[in-house]
Amino acid sequence: MTPILQIRDLQVSYYTDLGRAVALNRVNLDLNAGEKLGLVGESGSGKSTMALAMMRMIKPPGRIESGSVTVGGVDLMTLNEEEMRDARLSRIAYIPQGAMNSLNPVMRIGAQMVDAVRAHTTNMSKDDVVELCKKSLESVDLKRNVYEMYAHELSGGMKQRVCIAIGILLKPQLIIADEPTSALDVVTQRQVMETIDRVQKEMGTAVILIGHDMGLMAQFVDKVAVMYAGRLTEVSTVKDMFSTPKHPYAQALISSLPNLKNKGVFQGIPGLAPSLLRIPSGCAFHPRCPQCMDICKSEIPAVRTVDGDRLVACHLYSEGA
Amino acid sequence: MAKLLEFRNVTKTYTRGLFSEAGTTALADFSMSLEEDKPTIMTVAGESGSGKTTLAMLLLGFIEPSKGEILYKGKNISRLRGADRLTFRREVQAVFQDPFAVFNPFYTVDHLLTVPIEKFKLAKSKAEARNKMEESLTAVGLRPEDILGRFPHQLSGGQRQRINVARALLLKPKVLVADEPVSMVDASLRANILESLRSLHRDHGVSIVYITHDLTTAYHVANSIVVLYKGGVMEGGDVERVIQKPEHPYTRLLIDSIPWPDLSRRWGNDGIVVKESDISDKGGKGCRFAARCPYVKEQCHTALPPLYKISEQQVASCILHDSHPVLPAAQLTDVLPV
Numbered sequence: 001m002t003p004i005l006q007i008r009d010l011q012v013s014y015y016t017d018l019g020r021a022v023a024l025n026r027v028n029l030d031l032n033a034g035e036k037l038g039l040v041g042e043s044g045s046g047k048s049t050m051a052l053a054m055m056r057m058i059k060p061p062g063r064i065e066s067g068s069v070t071v072g073g074v075d076l077m078t079l080n081e082e083e084m085r086d087a088r089l090s091r092i093a094y095i096p097q098g099a100m101n102s103l104n105p106v107m108r109i110g111a112q113m114v115d116a117v118r119a120h121t122t123n124m125s126k127d128d129v130v131e132l133c134k135k136s137l138e139s140v141d142l143k144r145n146v147y148e149m150y151a152h153e154l155s156g157g158m159k160q161r162v163c164i165a166i167g168i169l170l171k172p173q174l175i176i177a178d179e180p181t182s183a184l185d186v187v188t189q190r191q192v193m194e195t196i197d198r199v200q201k202e203m204g205t206a207v208i209l210i211g212h213d214m215g216l217m218a219q220f221v222d223k224v225a226v227m228y229a230g231r232l233t234e235v236s237t238v239k240d241m242f243s244t245p246k247h248p249y250a251q252a253l254i255s256s257l258p259n260l261k262n263k264g265v266f267q268g269i270p271g272l273a274p275s276l277l278r279i280p281s282g283c284a285f286h287p288r289c290p291q292c293m294d295i296c297k298s299e300i301p302a303v304r305t306v307d308g309d310r311l312v313a314c315h316l317y318s319e320g321a
Numbered sequence: 001m002a003k004l005l006e007f008r009n010v011t012k013t014y015t016r017g018l019f020s021e022a023g024t025t026a027l028a029d030f031s032m033s034l035e036e037d038k039p040t041i042m043t044v045a046g047e048s049g050s051g052k053t054t055l056a057m058l059l060l061g062f063i064e065p066s067k068g069e070i071l072y073k074g075k076n077i078s079r080l081r082g083a084d085r086l087t088f089r090r091e092v093q094a095v096f097q098d099p100f101a102v103f104n105p106f107y108t109v110d111h112l113l114t115v116p117i118e119k120f121k122l123a124k125s126k127a128e129a130r131n132k133m134e135e136s137l138t139a140v141g142l143r144p145e146d147i148l149g150r151f152p153h154q155l156s157g158g159q160r161q162r163i164n165v166a167r168a169l170l171l172k173p174k175v176l177v178a179d180e181p182v183s184m185v186d187a188s189l190r191a192n193i194l195e196s197l198r199s200l201h202r203d204h205g206v207s208i209v210y211i212t213h214d215l216t217t218a219y220h221v222a223n224s225i226v227v228l229y230k231g232g233v234m235e236g237g238d239v240e241r242v243i244q245k246p247e248h249p250y251t252r253l254l255i256d257s258i259p260w261p262d263l264s265r266r267w268g269n270d271g272i273v274v275k276e277s278d279i280s281d282k283g284g285k286g287c288r289f290a291a292r293c294p295y296v297k298e299q300c301h302t303a304l305p306p307l308y309k310i311s312e313q314q315v316a317s318c319i320l321h322d323s324h325p326v327l328p329a330a331q332l333t334d335v336l337p338v
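If you read the sequences in order, they're chains D and E. Those letters in the first sequence? Residues 1 to 321, by the working numbering. Those letters in the second sequence? Residues 1 to 338, by the working numbering.
One chain only, chain D, in its complex shape (with noise of 0.2 Å):
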């Protein structure tokens, strides 16, 4: 089966004041159809910046330096801007971090929608695109009259729910949610959670999950991404993550998790995440990292295959054990 995403030698950088800052570097990601990946790391670690740069929306100064992503046989950095644009929303749907406040509150939910629809397409008659709004609504366990209110009407939730319809709008093949319930509270969070699975799994769509919080990926995901300073350091299963986590790294953030067994034990990670305009050398982890050798301090470790599909980014597997 061919990945329904293939991501290679994928590299973003910013052009700032104070120098070059890589966000992204050579960074090779697959994905299936029908398969969540959860993408985590902490603040500054590139998950935001992968995201648009998937949907080309990096802006200067930043710059997609190299590389391919695929999406459905289509490498979208070849298209030209007026393919691309249709491409955003069919092919690939992007549902950014705080999404609920882009909603324009002086417009009719309806009418985004609608304007969404019609940038795509033209030769749908209105009642179609009408009811293909409502319907989308109603997917994502929202009353048809939705589409008649304005955005002050609506819950956060409510709100959240809204985006995620007008994602799934056009059926894309590939939906990014940029930390969709970071503002919410838990109750609502996992009704939002809940709703994604649910569209995800009637239309079989892929769907990529960027977030720092490990727990609601055990919840929701399949395999699990994580970042650090612009590399992945690793990418498993969710089961594997969570049970045998390979990188020093990803050992730590699972460490680092609350759980009610040890009352008052908090452990978090060392240090801070490094600037990526003084991105440390070797492997960028090597400061904070307790296993740290010296061949971290200078080589950059390459991704490798451990134990048949796990990749991870680090010298202590270098035998290829």
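Be careful, since some hints might not be right.
To spell it out: a stretch of chain E is covered by chain D in this simulated footprint if at least three of its residues, at any positions, have a beta carbon under 8 Å from a beta carbon of chain D; those stretches are [to be verified]: (1) 190-198; (2) 206-218; (3) 254-267.
The following residues of chain E were derived to be distant from chain D, with all beta-carbon distances above 10 Å [stated by the list, open to error]: (4) Arg89; (5) Thr302; (6) Leu327; (7) Gln331.
Hints in this document: simulated from the structure, not taken from any laboratory. For each residue, glycine too, the CB sits at the ideal point set by N, CA and C.
Position chain E relative to chain D; hints supplied.
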């Protein structure tokens, strides 16, 4: 035993203009107290719109209760004047949710620390002020030389939030109100901030009112918990008991909705239908949770259930527990361990 802070049957209603009948009760008949000589960490938990932040605002004296009174060292805080008011302002401190919004981008972060030192005349000389600042920054695990003289945009969210804790520490408060202090911080930094809060309690004897919707961190930080829903107390008591063995259906829903980082504990094993609270639902006379409750009975819609005392350290406002004795709302503090 002297009471440091006391809520006496506090109700806060937000009204819409002079002529509108409809008001929203953000906090209803809430009573609790903190002892002066027994510092504790109390969690107030609930979803958006449950009245958590209203409680914080009332406690800090930013808004006045519609009914009831809030006493600090025996004096009504809305009538404090002069030196008393200044003492209250110094001894009751806050850490807010958004570490980005509290800094003025035009000043270095020193500003946040020097202003309270000047205002409350904590230091006699510049050197002493500097010493105090360095001391409090060190106490929250920051290196003063990395922090002082920097601008807010040069620091991470976690660092900024810890500066806020340091500022509170500087004033040697008696009570700290922490309103969702970690919800906007990376998961890996949460532990550090929570640890700073706990050492504030342990080493400096500060009582902390920890407001959150995140019950996992509440469990690790707090001694006692009060679960609010639409302004009413749903459940309260010892944090371990309430979280390990929740008795109110709403608390169960909250706990079951936590995304546990545990593959064997998936969402949806409890059978409670997840439904958002309907904004238009005014609640009427009965139980506030009746519209969402899976165990709802006829009488839930007609009468507000009192607090039933399930054990020495747990109460729940639910008729499923009506075989237990009733605890008057004003005595809620009795079941909260310190």
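Quick rundown of the hints versus the structure:
no.	hint	result
1	190-198	holds (count 6)
2	206-218	holds (count 5)
3	254-267	holds (count 10)
4	Arg89	holds (30 Å)
5	Thr302	holds (26 Å)
6	Leu327	holds (26 Å)
7	Gln331	holds (27 Å)
When each numbered hint is compared with the structure, no violation occurs for any of them.
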